[in-house]
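K.L.:
Sequence:
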Amino acid sequence: MPFNLPGIYLGLYAALWRPALLRPTLVVDEYSDIPWRNLHAAIHQAEAQREAGRSESVSYIALDKDNCFSRAKTLDILPAYAAAFREMTQTLTSRSQCLIVSNTAGTLMHSEDLNGHLALQLERTTGFSVLRHKRPKPGCGNNILRHFSETHMTTVKPHEILVVGDRLLTDILMANLHGMRSCWLRKGVAYEDSGLGGKLERLYARMFL
0 MPFNLPGIYL GLYAALWRPA LLRPTLVVDE YSDIPWRNLH AAIHQAEAQR
50 EAGRSESVSY IALDKDNCFS RAKTLDILPA YAAAFREMTQ TLTSRSQCLI
100 VSNTAGTLMH SEDLNGHLAL QLERTTGFSV LRHKRPKPGC GNNILRHFSE
150 THMTTVKPHE ILVVGDRLLT DILMANLHGM RSCWLRKGVA YEDSGLGGKL
200 ERLYARMFL
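To convert, note that position 61 of the sequence shown is 60 in numbering that gives the first Met the number 0; the numbers rise steadily by one, no gaps.
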């Protein structure tokens, strides 16, 4: 993953001074726990509990890769999540409604994907487009909005997008900065060590969110 100094500064600012920016709309343990067939109801219920309910439904998914449906540094859908991945796909009217947004594959400043070859391989594996971007999360929210708007030839509103990911300081922070909904995978790939960063985020969530 590229060194993300602006993201680190922004994440620290949010953690210390604006913890609401790190609060997800939905929280599940791992990717297979996302209620794809009842997603709208789950979102509305979560927002109603926070007194921030909105009537609009989610139409687009911005999906993280690493430690989400795939292990870090791999491009394959984990067998344990294959059924959930199919279920997500079946709930979409079009594959263009889902965009994979990774801080590795598709991040053109990443030393391993300067030419976008990882993004191409991931697209072949998943059947979904992978965002090409120079600024890693949480700095590429505008790129996501632009992609969906240009692809669907309409002005996509931020609250129509659900960001799915395992990191508060990148995925969830980006969603809240841009007014998108979010789903935090609290354990990521549940049987894999998510590293010190993931452990600290879960501790922070228990204490402050």
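No wet-lab data here; the hints were simulated from the structure.
Take the hints with a grain of salt, since some may be wrong.
Straight-line C-alpha distance at most 30 Å; calculated BS3-like pairs for lysine-lysine [to be verified]:
hint : residue 1 : residue 2
1    : 133       : 156
2    : 186       : 72
3    : 156       : 186
Cβ-Cβ distance ranges computed for the label pairs, FRET-style [as the list claims (entries may be wrong)]:
hint : residue 1 : residue 2 : range
4    : 93        : 116       : 21 to 29 Å
5    : 34        : 93        : 28 to 36 Å
6    : 15        : 92        : 35 to 43 Å
7    : 141       : 19        : 17 to 25 Å
8    : 178       : 26        : 15 to 23 Å
9    : 44        : 108       : 33 to 41 Å
10   : 56        : 145       : 15 to 23 Å
11   : 111       : 55        : 13 to 21 Å
12   : 119       : 85        : 29 to 37 Å
Note that the structure is predicted; figures quoted are calculated from it, not measured.
Ideal Cβ positions, reconstructed from N, Cα and C, are used throughout, including at glycine.
K.L.:
Take the hints in turn and mark each one as holding or not.
P.N.:
Hints, one by one, checked against the model:
no.: 1; hint: 133 / 156; in the structure: holds, 22 Å
no.: 2; hint: 186 / 72; in the structure: holds, 18 Å
no.: 3; hint: 156 / 186; in the structure: holds, 29 Å
no.: 4; hint: 93 / 116: 21 to 29 Å; in the structure: holds, 26 Å
no.: 5; hint: 34 / 93: 28 to 36 Å; in the structure: violated, 21 Å
no.: 6; hint: 15 / 92: 35 to 43 Å; in the structure: holds, 41 Å
no.: 7; hint: 141 / 19: 17 to 25 Å; in the structure: holds, 21 Å
no.: 8; hint: 178 / 26: 15 to 23 Å; in the structure: holds, 19 Å
no.: 9; hint: 44 / 108: 33 to 41 Å; in the structure: holds, 39 Å
no.: 10; hint: 56 / 145: 15 to 23 Å; in the structure: holds, 21 Å
no.: 11; hint: 111 / 55: 13 to 21 Å; in the structure: violated, 38 Å
no.: 12; hint: 119 / 85: 29 to 37 Å; in the structure: violated, 22 Å
Checked against the numbered hints above, the structure breaks hints 5, 11 and 12 and satisfies the rest.
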